[in-house]
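Visitor: These are the residues of each chain, in order.
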Amino acid sequence: MGGIVKYKDTAGRFRGSVFWRHFQKNKLGLVGAGIVLVLAAIALLAPVLSPYDPSDMDDLHILSTPSRDHWFGTDRLGRDVLSRVIWGSRISLLVGFIAVGIATLIGVLLGALAGYYGRWVDSLIMRFVDLMLCFPTFFLILAVIAFLEPSIWNIMVVIGATGWMGVARLVRAEFLSLKEREFVLSARALGASDLRIISRHILPNALAPVLVSATLGVAGAILTESALSFLGIGIQPPTPSWGNILTGGKDNLEIAWWLSFFPGLAILVTVLGYNLLGEGIRDALDPRLRQE
Amino acid sequence: MLSHIVKRILLSLPLLIGITFVSFLVIRLAPGEPVSLQTDLNPRVSAASKAQLRHLYGLDEPLPVQYAKWAWRSFRLDFGRSFSPDGRKVTEKIAERIPITIFLSLLEMLVIVLIAIPIGILSATRQYSLFDKSTTIFVFLGFAMPTFWLALLCMNLFGVHLGWLPISGLQSMNYAQLSMGGKILDRAQHLIMPVLVGAFGGLAGFSRYMRSNMLEVIRQDYIRTARAKGLSERTVIYKHALRNALLPVVTILGLSVPGLIGGGVIFETIFAIPGMGQLFYGSVMSRDYPVIMGILVIGAALTLFGNLLADISYALVDPRIRVAKER
Amino acid sequence: MIPNITGDSASHEIGGLLYNGLVKYDKDYNIVGDLAKSWEISPDELSITFHLRKDVRWHDGKEFTAHDVLFTYRFMIDPKTPTPYAGDFLLVKKAEVLNRYAFKVSYEKPFAPALISWGMWILPQHLLEGKDVRKSPLNRNPVGTGPYLFRQWKTGEKIELEANPNYFEGRPYVQKVLYRIIPDSATLFLELKAGGVDWSGLSPMQYQRQTDTGEFRRKFRKYKYLASGYTYLGFNLKDPRFQDKRVRQALAYAVDKEEIIKVVLLGLGVEATGPYKPDTWVYNPHVKRYPYDPERARELLAEAGWKDGDGDGIVEKDGQPFRFAILTNQGNEERKMTAEIIQKRLERIGVKVEIRIAEWASFINFFIKNRRFETVLLGWSTGQDPDLYEIWHSSKTLPDEFNFISYQDPRVDGLIEEGRHTFDRKRRKACYDRIQQILAEDVPYLFLYTPFSLPVIHARFKGVEPAPAGISYNFIKWYVPQDQQRYKE
Chain L
5 MGGIVKYKDT
15 AGRFRGSVFW
25 RHFQKNKLGL
35 VGAGIVLVLA
45 AIALLAPVLS
55 PYDPSDMDDL
65 HILSTPSRDH
75 WFGTDRLGRD
85 VLSRVIWGSR
95 ISLLVGFIAV
105 GIATLIGVLL
115 GALAGYYGRW
125 VDSLIMRFVD
135 LMLCFPTFFL
145 ILAVIAFLEP
155 SIWNIMVVIG
165 ATGWMGVARL
175 VRAEFLSLKE
185 REFVLSARAL
195 GASDLRIISR
205 HILPNALAPV
215 LVSATLGVAG
225 AILTESALSF
235 LGIGIQPPTP
245 SWGNILTGGK
255 DNLEIAWWLS
265 FFPGLAILVT
275 VLGYNLLGEG
285 IRDALDPRLR
295 QE
Chain P
84 MLSHIVKRIL
94 LSLPLLIGIT
104 FVSFLVIRLA
114 PGEPVSLQTD
124 LNPRVSAASK
134 AQLRHLYGLD
144 EPLPVQYAKW
154 AWRSFRLDFG
164 RSFSPDGRKV
174 TEKIAERIPI
184 TIFLSLLEML
194 VIVLIAIPIG
204 ILSATRQYSL
214 FDKSTTIFVF
224 LGFAMPTFWL
234 ALLCMNLFGV
244 HLGWLPISGL
254 QSMNYAQLSM
264 GGKILDRAQH
274 LIMPVLVGAF
284 GGLAGFSRYM
294 RSNMLEVIRQ
304 DYIRTARAKG
314 LSERTVIYKH
324 ALRNALLPVV
334 TILGLSVPGL
344 IGGGVIFETI
354 FAIPGMGQLF
364 YGSVMSRDYP
374 VIMGILVIGA
384 ALTLFGNLLA
394 DISYALVDPR
404 IRVAKER
Chain G
-6 MIPNITGDSA
4 SHEIGGLLYN
14 GLVKYDKDYN
24 IVGDLAKSWE
34 ISPDELSITF
44 HLRKDVRWHD
54 GKEFTAHDVL
64 FTYRFMIDPK
74 TPTPYAGDFL
84 LVKKAEVLNR
94 YAFKVSYEKP
104 FAPALISWGM
114 WILPQHLLEG
124 KDVRKSPLNR
134 NPVGTGPYLF
144 RQWKTGEKIE
154 LEANPNYFEG
164 RPYVQKVLYR
174 IIPDSATLFL
184 ELKAGGVDWS
194 GLSPMQYQRQ
204 TDTGEFRRKF
214 RKYKYLASGY
224 TYLGFNLKDP
234 RFQDKRVRQA
244 LAYAVDKEEI
254 IKVVLLGLGV
264 EATGPYKPDT
274 WVYNPHVKRY
284 PYDPERAREL
294 LAEAGWKDGD
304 GDGIVEKDGQ
314 PFRFAILTNQ
324 GNEERKMTAE
334 IIQKRLERIG
344 VKVEIRIAEW
354 ASFINFFIKN
364 RRFETVLLGW
374 STGQDPDLYE
384 IWHSSKTLPD
394 EFNFISYQDP
404 RVDGLIEEGR
414 HTFDRKRRKA
424 CYDRIQQILA
434 EDVPYLFLYT
444 PFSLPVIHAR
454 FKGVEPAPAG
464 ISYNFIKWYV
474 PQDQQRYKE
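Chains as they are written, first to last, in the working numbering: chain L, 5 to 296; chain P, 84 to 410; chain G, -6 to 482.
Next up, chain L with everything else stripped away, as it sits in the complex (with noise of 0.2 Å):
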């Protein structure tokens, strides 16, 4: 991270106006804002947007196409689409948050250890970050819910455990080069604990990367439980999750393409808003670190 960081004063210290002047500049960024917040509004509003109860089967509506009554067909048990898609966002947010909640919690913790002690703590959480990356994340995700079930807890903390690699990264950059600042010299010279340093002066103004990096995480992880809930190892039904709607999609492939098409769209939208949102905010932290 070279270059000079406009969010951050000359002491290195997060400047969140400035942050918040940049981030309104940027368009998409707010496009991305608004479907995110959007979609928290579906998710915690369900029980009053879904037009029915997503467990509701309708024998005379089985797989039955886009209608008055139900806009986004049925499935195969005669269940409202519209409302299990609805319902379906509760549990990508929920698997989204918390997935990316426990990575960036191991994240933070092995970057900050590896970033402000160094030497051989940094060589071995980074050999060990090394090691991760060597398994395709998927299979292992795969085998380990293949050992233990598919509950939706298993869920969130395998997709959790196996997504830190990328934030303890960034942390540790920061600290590396926020730990000879002259705040923390100061700190420490007044004799504050590591302990302290580490969480009082240094984290606070490092969680910025971390931001952006637990924003695309939620998107990360809203694909990753998609995909193995459409693979029938993940949320199972009948709870409704986007990724098992999309199973009755794949069943009944010549007969109802609309089982295909909604859920798959619900995810593009939510996936690209939270992208957007973290690019949004990854510009306004530093224009100059734009990816291009």
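Keep in mind that a hint or two might mislead.
Stated by the list, open to error - Residues of chain G clear of chain P, computed beta-carbon distances all greater than 10 Å:
{"no.": "1", "residue": "D305"}
{"no.": "2", "residue": "E410"}
{"no.": "3", "residue": "H414"}
Unchecked claim - When the alpha-carbon atoms are kept at most 30 Å apart in a straight line, the in silico BS3-like pairs for lysine-lysine are as follows:
{"no.": "4", "chain 1": "G", "residue 1": "K55", "chain 2": "G", "residue 2": "K102"}
{"no.": "5", "chain 1": "G", "residue 1": "K281", "chain 2": "P", "residue 2": "K172"}
{"no.": "6", "chain 1": "G", "residue 1": "K169", "chain 2": "P", "residue 2": "K266"}
{"no.": "7", "chain 1": "G", "residue 1": "K255", "chain 2": "L", "residue 2": "K254"}
{"no.": "8", "chain 1": "G", "residue 1": "K147", "chain 2": "P", "residue 2": "K172"}
{"no.": "9", "chain 1": "G", "residue 1": "K329", "chain 2": "L", "residue 2": "K254"}
{"no.": "10", "chain 1": "L", "residue 1": "K254", "chain 2": "G", "residue 2": "K128"}
{"no.": "11", "chain 1": "G", "residue 1": "K337", "chain 2": "L", "residue 2": "K254"}
{"no.": "12", "chain 1": "G", "residue 1": "K362", "chain 2": "P", "residue 2": "K172"}
{"no.": "13", "chain 1": "P", "residue 1": "K266", "chain 2": "G", "residue 2": "K212"}
{"no.": "14", "chain 1": "P", "residue 1": "K172", "chain 2": "G", "residue 2": "K128"}
What the hints assert, rightly or not - Which chain L residues stay away from chain P? Per the calculated CB distances, all over 12 Å, these:
{"no.": "15", "residue": "I46"}
{"no.": "16", "residue": "V52"}
{"no.": "17", "residue": "R72"}
{"no.": "18", "residue": "D126"}
{"no.": "19", "residue": "F139"}
Treat the hints as calculated values from the structure; they're not laboratory data.
The beta carbon of each residue, even a glycine, is placed where N, CA and C say it ideally should be.
With chain L fixed as given, assemble chains P and G onto it according to the hints.
Guide: This is chains P and G only, laid out in the frame that chain L set:
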């Protein structure tokens, strides 16, 4: 140069050991005694085999010894026998599937390189043009796209509704009766969708990467020098900038190995292609633990190998490293 | 490919073309001769004497005689033979060869299912005697007396049969039969439409919605008849919660079977009220029914002590919420959907259900054998003889046996025994009528539905005549007019 390569190889060895360690942890995740879980759920296992398995996993011994045995067997690629009704050796089952997966991955890499590089370069040279803007949108969509959804949509459109392409398998049922030309065409038809859809995710990322790389290179001093010398724009771009921008291509390809292998699970399953990914999925669904572990370890080893190749090829190609070593 | 020692329907179906029994069913489920051209039941009902055909040869040319029948009998009762079908043969007191073409078998007591039990595939003595059947080459290269000769078996791909020109009923018209192994049902359907498959089964969805185009109707004929079997939810009667009859009845009232038939089978099925197929002579329509009545279900649960005290929507008793798992096997979409519907209906009366799906091998060997289940969603294929011994008798509760719900009712035991040891159809019917009443009252199984079989055959095949026994009973008489033949040698 050589020393650099050797150094990279040596650094990979502890990672190989680490792979066995992490996979050992995964085995120990199973609730209860690993063997009982595996044998109780396996109809073919008689009491004699149970004892054999206990011995195999060294469960009558302390943990470190168990790990050592597991690690040693992994190096010898001895993962035991599959729990499925055919009871074949795990390595045999994987070996007959790997070529297809690798073939598919190579095709996908080819597609990525052939399509993403020109897109990336053109976007860079025509920065901010309509072309650039539309490819940017394409890239964002590409990152956000759940590729299994794309697969379903393509199967629906091209397979079911338009009937242009077959939607599953590597060959038609009457493959054996086709002529040589017919056979090739049949295979190609079956591969088009899986390869294109599988390459899609990588396409977006890679074209983006090429673009930024190219942009960075163009801004460099030596390009300005070349222009100042009066060389045509064409020569500038294609002779100087391109060569340097292409340096990381092999590296990136090496790094995309885990993504392609992991993604194989989804695509091979959706398109019913008999590769390692489909075998993995089937084993996960039927809790065929020996096969699961075998593929996990081999998948990780392949990734490691891919990274190593990427590293070495980068060293071969990057003049800075080459020169530094020669000093 | 020795169906005597296998349990799967595929080897049994193919076995039907390769082997014969002494008797078989005709199109109306009457017992008629196969390898036996006639038989007599002794006046004391204790023996059957079979007079065998003299014109039968094994596929390798050797003559079929009564010695093969005796060998098959000894084979079936041999403890070393890994067969699940020994039960009926263990009741034989004496089996003897009277002469080359006559075989007599005697029982301790009159045994009603005896006659049809001799529909079991007869095996060649000259190829299997004294050998370990598991290692026999006949597993991969069967030799029988049937209308078709075995030609080839490519594992995972196909099995090829060819017409037996010396078949004793006359040479089959269809010269070659190819069984193609296609694991994916979507691919199977595509192959059917593309012309690569001539005879297959349809799912309800395919039958109702995907096969109505003019083109499809021109190329194929669809058939629909009630299958011989039923799907049920079995309660593990060792679980104290399910030992209270009121609980079982409550759950029966809480499930809407009509809904399941409409949604899962798209209407292509009928409600099952007991272990027998409607419209057979045994079926008793006058049994207790459980029309959908969630109110009554709640009342019964309350009577049994299950009430929702804490308002969380789940009923409890002695502080324990009523939660249980429905176990079913992987790979059966209908059962999975049925389980989801049951789950939903039970939730409405305050019972929380979890669905657990296990892969078939572990399903049988880990869960069923060890009785590690609370309820199980499964199906039975039923034979035509009404004997219920194997499934419902209280003695059949060993790990490998079929009474895995641990049902014990001395009345039913007595009735089963009486029913199987008399040939008098009226007396048998009385026994089985009573058993059906008891089972309907007791609900050890929540009987759900009997589906329709939905075979589809390419239109060029003539001679297909649907009858109570289905369509395959006269397969050797099917033919294709010359101008429509597709595969010529």
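Visitor: All hints, please: hold or fail.
Guide: Now the hints, each set against the structure:
1. D305: Given a closest Cβ separation of 28 Å, the condition holds.
2. E410: holds (33 Å)
3. H414: Consistent with the label, G:H414 stays out of reach of chain P, its closest Cβ about 36 Å off (over 10 Å).
4. G:K55 <-> G:K102: Status violated; Cα separation ~36 Å.
5. G:K281 <-> P:K172: With a Cα-Cα distance of about 54 Å, the restraint between G:K281 and P:K172 is violated, given a limit of 30 Å.
6. G:K169 <-> P:K266: Roughly 26 Å separates the two Cα atoms, so the pair holds.
7. G:K255 <-> L:K254: OK: G:K255 and L:K254 at ~22 Å, within 30 Å.
8. G:K147 <-> P:K172: OK: G:K147 and P:K172 at ~20 Å, within 30 Å.
9. G:K329 <-> L:K254: Holds, at roughly 16 Å.
10. L:K254 <-> G:K128: Cα-Cα ~42 Å, so violated.
11. G:K337 <-> L:K254: Measuring from Cα to Cα gives roughly 24 Å; hence the hint holds.
12. G:K362 <-> P:K172: Roughly 27 Å separates the two Cα atoms, so the pair holds.
13. P:K266 <-> G:K212: holds (28 Å)
14. P:K172 <-> G:K128: With a Cα-Cα distance of about 21 Å, the restraint between P:K172 and G:K128 holds, given a limit of 30 Å.
15. I46: It holds; L:I46 is separated from chain P by about 18 Å at its closest Cβ, greater than 12 Å.
16. V52: holds (27 Å)
17. R72: Non-interface label on L:R72 holds, nearest chain P Cβ at 24 Å vs cutoff 12 Å.
18. D126: holds (16 Å)
19. F139: L:F139 not clear of chain P: closest Cβ-Cβ about 5 Å, inside 12 Å.
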